[in-house]
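Trainee: Okay, here's what each chain looks like letter by letter:
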Amino acid sequence: MVELLHQLSSGLALGGVYAITALALVMIFQATQLVNFAQGEMAMFSTYVAWALLQNGWNYWPAFAFTVALSFVGGVVIERAIVRPFAHAPILASVIVFIGLGFIFNALAGFFFGYTVQSFDTPFNGRPWFGAKFMSAHESGAIVVSLIVLALVFAFFRFTPLGLAMRAAAQNPASARLVGVRVGWMLALGWGLAAAIGAIAGMMAAPIVYLDPNMMGGILLYAFAGAVLGGIDNPWGAVLGGFTVGVVENLLGAYVVGTEVKLSVALIIIVGVLVAKPSGLFGRRIVARV
Amino acid sequence: MNRREFMTSAAAMAIFSTPARAEDTPGISASEIKIGQTMPYSGPASAYGVIGRTELAYFKMINEQGGVNGRKINLISLDDGYSPPKTIEQARRLVEQEQVAFLWQCLGTPSCLAIRQYCNERKVPQLMCSTGSSALDDPEHFPWTSPANPIYQNEARIYARYILKEFPNAKIAVLSQNDGFGKDYLKGLKDVLGAEHAGMIVKEATYETSEPTVDSQVVTLQGSGADVFIIAATPKFAAQAIRKSYDLGWSATRIVSNVSISVTAVLKPAGLDKSKDLVAAQWGKDPSDPRWKDDPGMKEWGAFADKNLTHAAFFDQNAQYGYGNAVALIEILKSCGDDLSRANILKQTTHLSGLELPTLLPGVLLKTKPGSYSAIRQMQLSKFDGASWQLFGELIEA
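Quick note, the sequences are listed as chains A and B, same order. Read in order, the letters of the first sequence correspond to residues 1 to 290 in my numbering. Read in order, the letters of the second sequence correspond to residues 1 to 398 in my numbering.
If you're looking for bench data, these hints aren't it; they were derived computationally from the structure. We put the CB at the ideal spot given by N, CA and C, even for glycine. Where hints are given, some of them may not hold.
To be verified - A short list of chain B residues far from chain A (calculated; beta carbon distances all over 12 Å):
| no. | residue |
| --- | --- |
| 1 | Lys60 |
| 2 | Gly180 |
| 3 | Glu211 |
| 4 | Leu352 |
| 5 | Ala398 |
What the hints assert, rightly or not - Simulated DEER-style distance windows between Cβ atoms:
| no. | chain 1 | residue 1 | chain 2 | residue 2 | range |
| --- | --- | --- | --- | --- | --- |
| 6 | A | Gln55 | B | Leu391 | 31 to 37 Å |
| 7 | A | Ala52 | B | Ser335 | 25 to 31 Å |
| 8 | A | Ile104 | B | Pro110 | 49 to 55 Å |
| 9 | B | Ser210 | A | Ala69 | 28 to 34 Å |
| 10 | A | Ser175 | B | Arg93 | 56 to 62 Å |
| 11 | A | Val73 | B | Ser388 | 39 to 45 Å |
| 12 | B | Pro110 | A | Val261 | 20 to 26 Å |
| 13 | B | Lys334 | A | Gly258 | 50 to 56 Å |
| 14 | A | Phe111 | B | Leu164 | 56 to 62 Å |
| 15 | A | Gln55 | B | Ala303 | 51 to 57 Å |
| 16 | A | Val261 | B | Asp247 | 23 to 29 Å |
| 17 | B | Ser388 | A | Arg284 | 55 to 61 Å |
| 18 | B | Leu272 | A | Tyr60 | 18 to 24 Å |
Given only the sequences and the hints, what does the whole structure look like? Please build it.
Mentor: See the structure below:
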């Protein structure tokens with residue numbers, strides 16, 4: 001029983017990280033209908049920026065805020081400079097660009113910061129919260145942060161004019177342009193927000209998995225599984241999917257399939273969902289008239 | 001003589017000609033010994049690139065001092081990005097285009113395995129591969145291939161003996177990487193435990209290197225009620241396992257594989273207090289250990305690092321590893337004398353009778369013999385006291 005609770009709580013904590021990463025994937029998918037395979041490496045690089053700031057004596061929250069802001073700007077710049085030229089290229093070209101971006105960030109991080117694993121500070125120190133003895137303070141903190149990010153993303157799309165404009169640009173670019181939405185900038189904004197959310201995911205993941213240039217590889221895979229499971233165009237679904245994948249993966253690995261094929265669970269979820277219910281549990285089915 | 005006759009006689013001459021003299025060996029001339037190497041200067045394992053850089057710097061120094069028997073060492077070290085297909089391409093380039101005498105210290109189990117067949121078919125020595133995989137120590141089938149690192153199985157054997165002696169009633173849990181490295185470990189353990197004690201291993205769990213964490217595996221292993229926990233993991237995962245086992249309040253005796261004993265790269269991230277009382281086998285001198293401050297071998301290495309690399313390199317155990325192996329190669333080439341044929345270079349490498357290296361623990365000697373190419377077989381156990389590793393007991397022969 002104790003073991004089961006441990007498995008559940010460590011699954012939930014990582015699930016929180018998957019959930020935030022899945023949200024970042026959703027942001028870009030919402031805007032462009034593409035999955036950004038470089039999302040993980042961008043997040044990892046942002047985390048290194050935060051790490052460098054902390055090493056230079058910054059306090060946690062200023063470093064956190066600065067990293068998120070810088071990542072936002074970085075995301076916008078990447079969209080404008082690198083992704084934009086391929087806007088009218090075939091999808092495969094964009095995918096290759098994303099994969100290349102991932103390699104570039106991975107190599108840059110190794111070049112600047114080295115490949116040795118680094119520990120990363122957490123703002124949630126001290127005693128476990130709510131007397132929960134199965135979850136460290138950071139793990140509880142990561143879950144709370146993921147819910148806050150979800151709430152912010154939801155509020156942004158639901159209640160702000162900018163969020164409305166972004167949704168319009170994604171769903172019907174031509175009409176949006178006619179009513180004065182600057183569609184191009186909305187895409188850049190989507191990239192910026194995704195990069196900022198990714199940075200938060202990285203900073204929540206690093207204290208659990210340690211910081212190194214390959215930190216986000218596995219996480220991105222699980223996040224993708226989570227996003228697909230919940231519906232990649234739905235923030236709520238993606239977050240719920242992220243948590244579900246975290247928990248299911250741990251429980252299946254520990255009690256059902258064994259650790260040797262634990263990682264395959266993520267792939268089975270992706271394939272299974274795409275075959276049985278391509279829009280995910282909570283996604284909208286898009287019907288295109290031809 | 002027509003063309004066909006000429007070809008036939010030329011072929012006959014090639015068959016019946018006398019054995020090649022050293023000067024006929026590719027890559028060997030009166031003034032040079034040309035050596036090839038593949039090294040992951042880029043890609044996921046690029047942290048090991050420093051090994052190649054250290055070795056290049058060492059040979060540069062040797063060449064400035066006059067080389068080996070008047071011959072300069074020319075090490076051609078090419079990037080393979082830790083990708084086996086690339087290793088094959090680079091190895092062919094080294095052997096066929098650059099015409100190197102032999103390959104030396106190519107890094108990585110998968111990379112070395114990828115070119116093993118090629119080297120053995122062409123009888124090109126593939127010496128001192130940078131890996132501890134037992135697959136690279138198979139002289140019966142691959143006589144031209146030798147490993148540089150102590151093989152993982154031998155290390156695991158030493159742990160099994162230690163457990164049998166100190167904890168005869170132990171219940172053992174093993175976390176291992178799901179690849180050749182982890183499997184070698186399990187095999188070494190089980191070889192020593194034998195059928196009689198096989199039941200001592202109460203739980204095994206594995207992980208893939210692409211998994212984010214091993215927390216779940218550690219929880220499972222703890223749940224088995226084991227009181228000895230063996231961590232056969234690479235640095236990041238070892239750090240996670242050390243931290244998680246401590247956080248769970250698991251009081252087992254924890255043994256960590258030698259690949260993950262670095263204080264800076266593993267134990268600090270895991271937390272020094274959480275790493276207290278870890279046990280590991282060692283054969284090299286830990287550069288961060290004050291015990292070796294006045295050790296002549298380590299002073300030699302320190303002086304070399306300061307002059308030719310950086311001060312930080314002194315503390316990098318990968319760089320130290322490259323230094324030790326470069327020293328060993330120079331000794332081997334010296335022992336070849338003027339017979340630098342491929343066969344003799346292989347023979348000298350595989351007939352070491354107790355070579356001492358400045359970077360190895362006192363008493364640990366390189367010994368090879370035709371049936372077993374793995375040179376380092378002696379190790380000493382150590383315990384982490386919260387600040388550094390403390391050696392205890394005698395040298396143990398695996």
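Trainee: Against which earlier hints does the structure fall short, listed by number upward?
Mentor: 3, 7, 8, 14 and 15
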